[in-house]
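Chain H is fixed; fit chain C onto it per the hints.
Below, each chain spelled out in residue letters.
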Amino acid sequence: MDRIPILKLGSALLVTIQVDMHDRLATALQEDLTEKIVATHAKGVLIDISALEIVDSFIGRMLDHIAAISRMLDAETVVVGMRPAVAITLVELGLSLTGVKTALDVERGMEMIRRRLDEPEVADGDDAGA
Amino acid sequence: MTPRSQPPLIVKILSEQASSLLPKWTALLKQNGILATGRIKETELATQCRTVLDLLATAIAAAGLDVAAAPYQPLRDLLADISRSRAIQGFSPSETASFVFSLKPPLFEAIDAAKGSDDATALRAVQDVTRLIDALGLHTMEVFQKSREEVIVRQQREIAELSTPVVKLWEGVLALPLIGTLDSQRTQIVMENLLESIVAERAEIAIIDITGVPTVDTLTAQHLLKTVSAARLMGADCIISGIRPQIAQTMVHLGVELNVVSKATLADAFAVALRRVGRTVAPLKTVHRQQPVG
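Those sequence lines, one after another, are chains H and C. Counting from 1, position 92 in the first sequence corresponds to residue 92 in full-length UniProt numbering; the numbering is continuous, with no gaps. Counting from 1, position 133 in the second sequence corresponds to residue 133 in full-length UniProt numbering; the numbering is continuous, with no gaps.
If we strip away everything but chain C, and leave its shape as in the complex, we get:
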């Protein structure tokens, strides 16, 4: 930006006519249907618009058109807040972007009215507006995108935690029902969860149930074996259960060998585990009354 003796037209317009820009801007936003979705109230929108314009006027008076300058910080923070809340409220990216970009037409109108016959000044003003609003719009979108990504990452973490519970079946017997595809990252979480639980429950046997694992390829099998080896190093034996017929066929065709005790169902594995800890399940001879079976 070349230094000028006179402040650019746009600076003058923004600092002097901010109040007259506001109704035009809100009208345009309404016309675009921002209120139709019902996610934001009219008064809230008006407050947001007024604050943005106020901060913009202050910033532009202090720092000109350099959006990266310090006086723009409050405005950038406000736009970040607005955009973050829009991301959470479920606004679409274009709805969020048009909040900032719809400030352009009112500004162009104001330039048109203020330029007089000086076309060169008007052209420069239009360029300035475009550059300024684009920079602010891009900032808004960046924050919007980042907040959406944060939401996705959080959900992924929650899914990972939800889908790897370690269940205590009996004193010293743990079960790990796996659901979903086993990739390296999940295996890591599964392994950590299982090993922590082995220590906490002083478990001797862990049953890894893969009924809910849709496919088992060589990599998945390797991950399973790693988990089994790590549990063994902690002094606990593992039993793999819930291998479905198709998966058993695939594994044999692939040449994958699980050198661990494996059972078809969780029930079979549990029976083995109970025998290993010196227990057995026997039918009651005579039932006098309903009594809880420990």
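Here chain H stands alone, though its shape is the one from the complex:
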């Protein structure tokens, strides 16, 4: 089964969703991410959904759950790059993701996480993990 790669960038994890999310993939991502946060002691999780064109209530709720789980594990979740149409859909579905932080793009999201860590710079050596 396909898995969504989770990249470690300093003390943050970067997830870029580039395929259409179906429910099993979403559940798998949630599990992988939880384990990865614990394993790497990550302090921030960046979820880039700029390539997602369709988001249903299940994916919306999954984002909310991931945020809640990572908060419990002392990591901050920032969802970045949401498209206008997706934002409108989520609001119409009644999912305003109040527990999730948001930013316009990966750059801004990274800034938010960095500000939280109060780190001047995330280490350059990023290693991919799957």
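Simulated from the structure, these hints should not be mistaken for laboratory data. Honestly, I wouldn't trust all of these hints.
[What the hints assert, rightly or not] Under 8 Å between C-beta atoms, here's a sample of chain C residues computed to sit facing chain H: (1) 202; (2) 226; (3) 229; (4) 230; (5) 233; (6) 236.
No experiment lies behind these values; they were computed from the predicted model shown. All C-beta atoms, glycine included, are put in the ideal place defined by N, C-alpha and C.
Then chain C, alone, in the frame of chain H:
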């Protein structure tokens, strides 16, 4: 329509006497004051009348009285064109309708002259004329009505676009001055415009100014909150400004709560937004000369 061995009287009249009907028809139209408004020229009107009569004669010779038949298509198209242009020129519905209906009296006269002593044929001819002209008249009115509606829809769309501009106040600060009542449809447009602009301008803060919104009820407040939530999902914060005293009172009485930063005026909101993006407005210490302030 029962098949007849002989063509109905009306078909004969129209195909043979079309030329003599024309002056009577135009005279009647003039008498009704179609030219008095100055919206149409006499020569143009005469051309239109002649073309209509020609097409009618051709169509009736080919297809009898069945207005829905294919030979009537050119005539129907022409009437649609005429009626559409009248709608745009600002003719009233009755003026447009009487263009077709005023063809009746000349036709009745012609029947009267041609019937001889055969009253039954004359009666049938009158019925035929009435049915034919009514069908054409109704077609004209339908097109007229449709063109008017198209004009209205276009204007509505233009108003909606005109009244929801997104203004860039500063690098990363957008303002959305709302004017007029916020219904679901407009909220949708406003929301889309705002979100597109947030992406385009890479905005961090959007100020929604509701000075121009006459009333805020629970539904409007809900629409506002939806817009705020959607902007937040895109990573931009919203400030609501321009809440007038009466509106603030109404909202509190209604139990509506806007769980967002709200300021009384756009200026206050702008100050907050500037501070949020790390800027401030300070008075100039000494002014040597007039210089543009960025």
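Hint by hint, here is what the structure shows:
1. At about 6 Å, the closest approach between the beta carbon of residue 202 of chain C and any beta carbon in chain H falls short of 8 Å, and the interface hint on this residue holds.
2. Interface hint status for residue 226 of chain C: upheld, as the beta-carbon distance to the closest one in chain H is roughly 5 Å, under 8 Å.
3. At its closest, the beta carbon of residue 229 of chain C sits 4 Å from a beta carbon of chain H; the interface hint therefore holds under the 8 Å criterion.
4. At a threshold of 8 Å, the smallest CB-CB gap from residue 230 of chain C to chain H is about 4 Å, leaving the interface hint in force.
5. About 4 Å separates the beta-carbon of residue 233 of chain C from the nearest beta-carbon of chain H, less than 8 Å, and the hint is met.
6. The interface hint given for residue 236 of chain C holds, since its Cβ lies 7 Å from the closest Cβ of chain H, which is under the 8 Å cut-off.
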